[in-house]
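Number of protein chains: 2
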Amino acid sequence: MTVWTDTLKQRIEAARGKRPVDLLFKNCQIVDVFAGVLQETEVAVFDGQIVGFGERPAREEVDLAGAILCPGLIDGHLHLESSMLHPAEFARAVLPHGTTSVVADPHEIANVAGLPGVQFMLEATEDIGLDVFFMAPSCVPASHLESSGARLDGNDLQSLQQFSRIIGLGEVMNFPGVIEGDAEIMDKIQRFCGKVVDGHAPGLSGAGLDAYLSAGIGSDHECTRLAEAKEKLSKGMFIMIREGSQARDLENLAPLVTVRNERRCMLVSDDCHPEELATRGHMDSMVSRAMNLGIEPMMAIRMATRNPAEYFGLRRLGAIAPGCQADMLVLTTLQPFHIDRVYKAGKLVAAAGGCLLEMVVKTAGLPVTMKLSAVRLEDLRIECRGQWLRVIRLIPGSLITGEDIVRVVERNGEAVSDPQNDLLKVAVFERHHGSGRRGLGFVHGFGLRSGALASTVAHDSHNLVVVGADDADMVTAVNSLRELGGGLAVADRGKVIATLPLPLAGLMSTASLQEVVAGNSKVNEAAAALGATVEHPFMALSFLALPVIPRLKITDYGLVDGEQLAQVPLFVDDAPVRE
Amino acid sequence: MTVWTDTLKQRIEAARGKRPVDLLFKNCQIVDVFAGVLQETEVAVFDGQIVGFGERPAREEVDLAGAILCPGLIDGHLHLESSMLHPAEFARAVLPHGTTSVVADPHEIANVAGLPGVQFMLEATEDIGLDVFFMAPSCVPASHLESSGARLDGNDLQSLQQFSRIIGLGEVMNFPGVIEGDAEIMDKIQRFCGKVVDGHAPGLSGAGLDAYLSAGIGSDHECTRLAEAKEKLSKGMFIMIREGSQARDLENLAPLVTVRNERRCMLVSDDCHPEELATRGHMDSMVSRAMNLGIEPMMAIRMATRNPAEYFGLRRLGAIAPGCQADMLVLTTLQPFHIDRVYKAGKLVAAAGGCLLEMVVKTAGLPVTMKLSAVRLEDLRIECRGQWLRVIRLIPGSLITGEDIVRVVERNGEAVSDPQNDLLKVAVFERHHGSGRRGLGFVHGFGLRSGALASTVAHDSHNLVVVGADDADMVTAVNSLRELGGGLAVADRGKVIATLPLPLAGLMSTASLQEVVAGNSKVNEAAAALGATVEHPFMALSFLALPVIPRLKITDYGLVDGEQLAQVPLFVDDAPVRE
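Respectively, the protein sequence lines represent chains A and B.
Using my numbering, read the first sequence as starting at 2 and increasing by one per residue.
Using my numbering, read the second sequence as starting at 2 and increasing by one per residue.
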């Protein structure tokens, strides 16, 4: 039995010139990532693939008038959910910016919806004009300090390997677990033996790093300092230089890249918020920035094309050469890196900054993820059990929080908010299983004088987190999200005054990028109008519930000490010691 | 169920310093192939793997007194059979030369013994102190113009993928078949979709090369000219620069290698004869030669370490870093590349040029491959059927032959040899199936005045080829090899005067490298004593039967025109036209 296809036979005939190719690009130079030079040649495309260099019969000739053809850009590490967009809309947002492939870790949706969530992402990324590969999310749940929507064990992750677009194991954030030989995480890693296993080890060095690498971890995207990146590179980690919405490391790490080690480096976004996509772009802006920081253009481009392709074993991507997929950008100039047109698998998908694809949002297959019973005022009641409170203190621009000890403000036996002193109530409602579990506490630093903000984007388990000056407004905000199936909401004086619905797992919208950006502006403006002083109040809110970051956080189990990784009580016996 | 092992747990503990490592190398610099620099650090080894850099508790400290630790060298393309050694003895021969891993194409033995031959090679390469990976041989038989011992179809090749050390499809020599869309070769390629597929396309360029690459071919080791290599590199082929016994391309191709494309280049031997191993060495001499030709040391080393590891996806090889196998060379100097000691998986296996491993030759499992009935004088009889003969003309130092048309020398109705005019009889006996089929002809250029030379090394099908001044000596030589189970033999005046037994498929010896070199010298000296004028008479003999090379060759089917790829008759009607 012969399994080879007519498709391949026709491709070979087209390569030989025995059959007209679909497209012949003329009068151009190509970015030759193999030789590391620009090269003048015609490029022939047939059936979505590059089939040869040089003249041959073509159904259509494209005269590029001296422009440059560059391979499509690859984002080697990102969480699609951060864009708040359905993957198909994400594709429409990034294609004009030259991104033709991404490697996504569906960590967020997996924490909400488990395997069905990952399967939804697989289905939602079919035929969207962007190649989306996935890493199986290794840390679901991310910790035992909160209730996730699902748990993925070794068997679950192994079952994902049946899908050809699941190409490895996602960032192993539980690096302490690896170093301590935790059986569950080690089991997951070993099941991906021989495949790519991404790392995540901020600040890890020396023997701890050695131990982590001995388990077979291949990359890191958490380097922030040059010395850290140098050590990790020399120890064999592929360095993913992150330049995204949540962290910008390129300026610090650009001096890492030399002509001798560039092959071990790539550019990634990790997280891309909708505003970032609307204003800065995506991989194109990273490549530009790398060039502006002194990395030579050919190297900057390889860090966003061939290098990720090689790390992930995506042989047919990241280059313009016979046998490769015809993902190509037409550049008017190399530096500045200016993209005029984008071809994906030989099809023109973007021109002059706009995407030519229709928006088609498929939502079938996603389970209901909002399983919260209606919340009542008494659910927020905090019975007074002492004189002193442990209060979370926001630190502007940081995921890290502080801890304050302040005197309780009591009313009718309840500990209550005191907006005049910026003491606001904060609550996390478990929203995945209908358990009714909730954690209650207080926070300093939001600045709300009235009303409440609620969000179902709350790393890593994405329960519902709400902060407010007024309990009734908190209830209103929470219940509005319950009805929307998730999102961001602002309530004041008994009314919902702004929302951004995120019905896809409480994380993503079904609307366009423009609508999501507008909705985001609306909720942020509403928060500001209520007195919010923190720059990105919903982002601050979303990280209040992330218990693995120092120092004081809150989950549906209550307050958590992010250093000790243990629950701590809200009430404290003694007054703070003044130092 | 947890599948992770205590081994890994212990390795991590050792990396952390919680358990003593086996070896700690001190006072050394390492060749850091990732950063492309030398770096001072201690290297800790546990359970055969590098587990970390820097001091930690160790059961044994190795003071390297300022020496350099270099990753073990990898030969990315070779045919073990060319060494005439059992793989275990090959390992003993190359380990002192720094070769710790090879990727072998068992093309020769597969043509003789089929799948059982490949399985024999898999078994014979277990635990021999050298990591041997295999490419499934794609061209068995190599052509339809001769009788091979076996045929491997797509299903056979797919069945080999069950073995973890079969890592791809071996050199696709049938490039005309690919270009023409031949169903059988395309089927084989498609069954290895997503795996490494090696190429072999001497001189192929332009649209033909494009067509070949459109099928997914990844490498080429047949470049002899710089321009050829540049085109192939830019079109995405990994360039295997060959520097072996049969072809030395490094001098021509060294100018190809730049700091920007070196990652796409590697050094390979393709074929390594026993004399080469005994006198020049193996990968060490290639690295030295590359340096001497102006390639900077770090790049020359990467071309023999990390680059092949990355091309073949051998993540744990080709580097000194935590998580990598502890294959390391102790260099007294980087340039000249002088190896003092070799560690394989943390074990000292060679020192001061000698191998420390015992010779253990396992021959179990290899089927009987010599199925030739005893040959008689009348088997060599050529009945005279015309006045003129088509005669093969050897061209010294070339695989290519010429064709002469000469007048028949007749005796009793037979066409016979005429040693005084260097007209010798040549015959190929099918030896795999006992068919009795034989091809008969004449050859110019050997120079034998009496006696006969016979060989079972006869590319690509390795039938038995014999040349002689005297039919009776030819019979004697052939029957001696029949009894030995294969090898090289010289007969004269009715007696066997020298042999090199190659009982393993008629291709490989069970003796030591020294014995094989001595045996080879003996048969070559005996041939010279009989008047042989060609420099390597047995090598010339072994390629007389390779029908795919111009111009006139001989197989068990008779004379073959290597340009037309068709059989041609021995007798010609007309006298040659004098030009």
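I should point out that these hints are in silico values taken from the structure, not numbers from a laboratory.
Among the hints, erroneous ones may be present.
Heads up, the list lumps identical chains together, so a pair's fine if it works in one copy or across two of them.
Listed next, the in silico DMTMM-like pairs over lysine to aspartate or glutamate satisfying Cα-Cα at most 25 Å (straight line) [as the list claims (entries may be wrong)]:
1) Lys196 with Asp64
2) Lys231 with Glu43
3) Lys19 with Asp575
4) Lys10 with Asp157
5) Lys348 with Glu181
6) Lys496 with Glu232
7) Lys10 with Glu124
8) Lys231 with Glu297
9) Lys372 with Asp64
10) Lys27 with Asp574
11) Lys196 with Glu359
12) Lys10 with Asp380
13) Lys196 with Glu127
14) Lys372 with Glu232
15) Lys231 with Glu14
16) Lys196 with Glu252
17) Lys19 with Glu536
18) Lys231 with Glu41
Since we're looking at a predicted model, the values are computed, not measured.
Next on the checklist: My question is about Lys231 and Glu41: at a cut-off of 25 Å on alpha-carbon distance, are they close within one copy, between copies, both, or neither?
Outcome noted: For Lys231 and Glu41, only the inter-copy Cα distance (14 Å) is at most 25 Å; the intra-copy one is 36 Å.
Checklist entry - How would you label the pair Lys196, Asp64 (within, between, both, or neither) given a Cα cut-off of 25 Å? => result neither (41 Å within a copy, 36 Å between copies)
Checklist entry - Is it within a copy, between copies, both, or neither that the alpha carbon of Lys372 lies no farther than 25 Å from that of Asp64? => result neither (56 Å within a copy, 64 Å between copies)
Item to check | Homo-oligomer pair classification [Glu297, Lys231; C-alpha up to 25 Å] | outcome: Answer is both; intra-copy 19 Å and inter-copy 22 Å each pass.
Next on the checklist: When Cα atoms must be at most 25 Å apart, do Lys196 and Glu127 count as within-copy, between-copy, both, or neither?
Outcome noted: Answer is both: 23 Å inside a copy and 24 Å across each meet the 25 Å cutoff.
Checklist entry - Given a CA cutoff of 25 Å, do Lys372 and Glu232 count as a within-copy pair, a between-copy pair, both, or neither? => result Answer is neither; intra-copy 46 Å and inter-copy 60 Å both fail.
Checklist entry - Between Lys496 and Glu232, at a C-alpha cutoff of 25 Å, which is it: within one copy, between copies, both, or neither? => result neither (54 Å within a copy, 69 Å between copies)
Checklist entry - Within a copy, between copies, both or neither: where do Lys10 and Asp157 come within 25 Å Cα-Cα? => result between (39 Å within a copy, 22 Å between copies)
Next on the checklist: Please sort Lys231 with Glu14 into within, between, both or neither, judging by C-alpha distance up to 25 Å.
Outcome noted: between (48 Å within a copy, 24 Å between copies)
Item to check | Copy assignment of Lys348 with Glu181, given that the CA separation must stay at most 25 Å | outcome: neither (49 Å within a copy, 28 Å between copies)
Item to check | Identical-chain pair category, Lys27 with Asp574, by Cα at 25 Å | outcome: Close neither inside one copy (78 Å) nor across copies (55 Å); limit 25 Å.
Checklist entry - Using 25 Å as the alpha-carbon threshold, which applies to Lys231 and Glu43: within, between, both, or neither? => result between (40 Å within a copy, 17 Å between copies)
In summary, the structure is inconsistent with hints 1, 3, 5, 6, 7, 9, 10, 11, 12, 14, 16 and 17 from the numbered list given earlier, while agreeing with the others.
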